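Those sequence lines, one after another, are chains P and E.
Under our numbering, the residue at position 104 of the first sequence is numbered 104, and the numbers go up by one with no gaps.
Under our numbering, the residue at position 126 of the second sequence is numbered 462, and the numbers go up by one with no gaps.
Keep in mind that the hints were calculated from the coordinates and are not lab data.
On a predicted model such as this, the values are computed, not experimentally measured, just so you know.
Yeah, the Cβ is synthetic: ideal placement off N, Cα and C, and Gly gets one too.
One or more of the hints may lead you astray.
Per the computed footprint, the stretches of chain P lying under chain E, defined by three or more beta-carbons under 8 Å from a beta-carbon of chain E, are [claimed, not checked]:
hint, segment
1, 54-65
2, 165-175
Which chain E residues stay away from chain P? Per the calculated CB distances, all over 10 Å, these [as the list claims (entries may be wrong)]:
hint, residue
3, Trp393
4, Gly520
5, Leu738
6, Lys765
If you want the building blocks of each chain, they are given just below.
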Amino acid sequence: MSEPEVLLELRDLQTYFYTDIGVAQSVDGVSYHLRRGETLGVVGESGCGKSVTALSIMGLIPQPPGKIVGGSILFKGEDLTKASQGRMRELRGKSVSMIFQEPMTSLNPVYTVGNQIIEALVVHEPDVSAKDARARAIDMLNKVGIPSAEERIDQYPHEMSGGMLQRVMIAMSLICGPELLIADEPTTALDVTIQAQILELMNGLQRELGMSVLLITHDLGVVAETADQVVVMYGGRVAEHTDVHRLFERPAHPYTVALFRSLPDLSEGRDRLPTIPGMVPSAYEFPTGCRFRDRCAYANDRCAEQPPLVEIEPGHRVACHHSERLRNDLQHRPTG
Amino acid sequence: MTTDNKANAALDELERESGQHPTVGKQMADASADDLTYGDIVWAQFRKNTVSYYSLWFLGFLFFLAIFAPVISSDRPFIYGTAEGTSFPWFTSLFDRNFYENPVDVFFNLLMVAGPLSLCGFLLRIRNLRAGPLAKRARRRTMRKEGLLIVAAIAVSYMAILAMPSSSKYVIYTDMMDKAAEAGETVTAHFPLSRYTPRMTGFKSVDKPSSKHILGVDQSTRDVATRILYGTRISLTIGVIAVSIYVFIGILLGATAGFFGGRVDIAIQRVIEITMSVPTFFVILTLMAFVEQRSIFHIMLVIGVVRWTGVARLVRGEFLRLRKQDFVTAARALGYPSRRIIFEHILPNAVGPVLVAATFGVASAILVESTLSFLGLGDVTAPSWGQTIQEGYATGAWHLILAPGFAIFVTVSALNLVGEGLRDALDPKLRQ
Numbered sequence: 001m002s003e004p005e006v007l008l009e010l011r012d013l014q015t016y017f018y019t020d021i022g023v024a025q026s027v028d029g030v031s032y033h034l035r036r037g038e039t040l041g042v043v044g045e046s047g048c049g050k051s052v053t054a055l056s057i058m059g060l061i062p063q064p065p066g067k068i069v070g071g072s073i074l075f076k077g078e079d080l081t082k083a084s085q086g087r088m089r090e091l092r093g094k095s096v097s098m099i100f101q102e103p104m105t106s107l108n109p110v111y112t113v114g115n116q117i118i119e120a121l122v123v124h125e126p127d128v129s130a131k132d133a134r135a136r137a138i139d140m141l142n143k144v145g146i147p148s149a150e151e152r153i154d155q156y157p158h159e160m161s162g163g164m165l166q167r168v169m170i171a172m173s174l175i176c177g178p179e180l181l182i183a184d185e186p187t188t189a190l191d192v193t194i195q196a197q198i199l200e201l202m203n204g205l206q207r208e209l210g211m212s213v214l215l216i217t218h219d220l221g222v223v224a225e226t227a228d229q230v231v232v233m234y235g236g237r238v239a240e241h242t243d244v245h246r247l248f249e250r251p252a253h254p255y256t257v258a259l260f261r262s263l264p265d266l267s268e269g270r271d272r273l274p275t276i277p278g279m280v281p282s283a284y285e286f287p288t289g290c291r292f293r294d295r296c297a298y299a300n301d302r303c304a305e306q307p308p309l310v311e312i313e314p315g316h317r318v319a320c321h322h323s324e325r326l327r328n329d330l331q332h333r334p335t336g
Numbered sequence: 337m338t339t340d341n342k343a344n345a346a347l348d349e350l351e352r353e354s355g356q357h358p359t360v361g362k363q364m365a366d367a368s369a370d371d372l373t374y375g376d377i378v379w380a381q382f383r384k385n386t387v388s389y390y391s392l393w394f395l396g397f398l399f400f401l402a403i404f405a406p407v408i409s410s411d412r413p414f415i416y417g418t419a420e421g422t423s424f425p426w427f428t429s430l431f432d433r434n435f436y437e438n439p440v441d442v443f444f445n446l447l448m449v450a451g452p453l454s455l456c457g458f459l460l461r462i463r464n465l466r467a468g469p470l471a472k473r474a475r476r477r478t479m480r481k482e483g484l485l486i487v488a489a490i491a492v493s494y495m496a497i498l499a500m501p502s503s504s505k506y507v508i509y510t511d512m513m514d515k516a517a518e519a520g521e522t523v524t525a526h527f528p529l530s531r532y533t534p535r536m537t538g539f540k541s542v543d544k545p546s547s548k549h550i551l552g553v554d555q556s557t558r559d560v561a562t563r564i565l566y567g568t569r570i571s572l573t574i575g576v577i578a579v580s581i582y583v584f585i586g587i588l589l590g591a592t593a594g595f596f597g598g599r600v601d602i603a604i605q606r607v608i609e610i611t612m613s614v615p616t617f618f619v620i621l622t623l624m625a626f627v628e629q630r631s632i633f634h635i636m637l638v639i640g641v642v643r644w645t646g647v648a649r650l651v652r653g654e655f656l657r658l659r660k661q662d663f664v665t666a667a668r669a670l671g672y673p674s675r676r677i678i679f680e681h682i683l684p685n686a687v688g689p690v691l692v693a694a695t696f697g698v699a700s701a702i703l704v705e706s707t708l709s710f711l712g713l714g715d716v717t718a719p720s721w722g723q724t725i726q727e728g729y730a731t732g733a734w735h736l737i738l739a740p741g742f743a744i745f746v747t748v749s750a751l752n753l754v755g756e757g758l759r760d761a762l763d764p765k766l767r768q
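Pulled out of the complex, with its shape left as it was, chain P reads as follows (with noise of 0.2 Å):
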């Protein structure tokens, strides 16, 4: 079986911002792949640079103060960091769309749902007619599970709840059918069920339209349960990148390690969950060499040095000095 083409590729991506107090470096040398049909789930903590590499990917960092410095984004071959603005906005929303975290101000309040739904179609599409546009605009909306679409389909944003609007905003970046779908913490502020749902309902629709889902989350369990390739990124950095289970079973990186760790486990009655001690260090002024050193138990003067992201085994990369060791660790000591 021969693996699928390569969608999306960073190369030593950089991002940075300038600003009054400095140069935030908030995506600095990041690099990994995404096959067609693929869902890669980018995880981390706050402030680690996941948002960021996801705008520079749709070309929407603010600029000033933000920049790409270096590196490229190559989608479908094509190099993005180079594209016009012009190249750009024909390929947001027809070729690569995405959905954001809060799906109740992410909708325009003064338009309705369909409305906002046919525009984004008619931008892409200027030959549609209004007919077919709105024939569209309900076929989606049933295909992301929103019931009575045809009633539905006139109501206002503040009508609907935050379940229902992420399901608007899915069929609206859906609606030109993109190859690639950026999905930026889209359950994040929503109910636990309705989290399962519209994870579920994201599955299915990319089995069924075969497009890629980048799926930025900060939460384990939705990697697991959605993605097939995993990038753990820590201080604008891909710390480890492997498939789901390889992750899971056998991770290489004592940050990964740490993020496992901080899971609440039922199965054991602890009353305190471990953390990660330390704080994330500030974009502003990360530390030189590994940027998890000062939180990180294996750390010695080794990680002055920053560390090269290698592949210790076919598809399984990861950027740490330590992790031979940190691995037979764990093989006595299994996970929590």
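Following the hints, put chain E in place on chain P, whose structure we already have.
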């Protein structure tokens, strides 16, 4: 008047809808109660403010007076019948540029003729639509579309009338009647309530109010009541058009500054500050002094190009707030061009404060026009409230100051009260 009626119709519709299904299940009732547009909510809130609500009615009444001024006061008889035949001089005079020299008057005359007709048609159409199968929102869409069509038709016919040449002779019908009576002819003539026009001269200068001239006669021997009546047309027009001009400029500059930020913002901000640092009224005075043949259009234009700064700042602030909102990022992520995002996504969210500012702006534009006329820098060919006050000031006649002063006071107050009510209605914090 039209907006009033539309809003009323919308409310009636609302009441009818909510009252229509008392028996259907609770879910249905909830759905129809939820089916409120933003306009419905604001209108219901506005109605709670009694003073503002009646001020709006009063403004409607003022517009009514302005539109139907010729019915109340004109020296042309509705019907003029002699042995030679019957004519309708009042009607033919309506679109006669020799009789109504001011294009504003022609516009209001057109509204008088076309307005009630199209309004009746429109209301009938709404009734039909309501009986039809369309859902509320689809119905509203059709109504809006057809309403715009009517407005467009009126605008086109106005242009046509202005382009039409007129070559009628100025006839004084009362004199003709007297002559005919002397000659022993029988003449049937039906005149409007008062037989004066705002430009008719020849009465006793500075005459006190009497049964013949209920508000007296001004220094230039014209009937004050008629001038105040026709002055309503001028004042309202100046207010609305001057404000439209500066709201347009303000939105354009404010939106550009707020949306793009950075250097564009800094540049526009400096332009705003420089314009604001000059006292606007003196700029208006100076500019008006340069104009040789002053017309009310110069007044509108001058107010418009000088007073836009407030709106520009307001719009800039709203844009700064809104451009960071998620729905704007979402719109970009869908690949919409900037122009579309500015005018179709952010601007509709920013119109509330602009609408309030515009209402207050109309009041202040009316005051500016009166002041200019009072200082003798107004349009001498148009009947203006300030001009009458100026004649009162020059002659010391109290009735020349009191009546137009009262007209200005009432109009400006009503506009300000409506503006205040609108501000409160648009404020979600004050909503219950």
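Consistency of the hints with the structure:
Under a criterion of three residues with beta carbons nearer than 8 Å to beta carbons of chain E, the stated coverage of the segment 54-65 of chain P is upheld, 3 such residues being counted. Requiring three or more residues with a Cβ within less than 8 Å of a Cβ of chain E, the coverage given for the segment 165-175 of chain P holds, as 3 such residues are present. No Cβ of chain P comes within 10 Å of the Cβ of tryptophan 393 of chain E; the nearest lies about 28 Å off, and the non-interface call holds. The beta carbon of glycine 520 of chain E is kept farther than 10 Å from every beta carbon of chain P, the shortest such distance being approximately 71 Å.
Non-interface call for leucine 738 of chain E relative to chain P: holds, since the shortest CB-CB distance, roughly 47 Å, exceeds 10 Å. Remark: the non-interface label on lysine 765 of chain E is consistent with the geometry, its nearest Cβ contact in chain P lying 16 Å away (cut-off 10 Å).
Hint compliance for this structure: no hint is broken.
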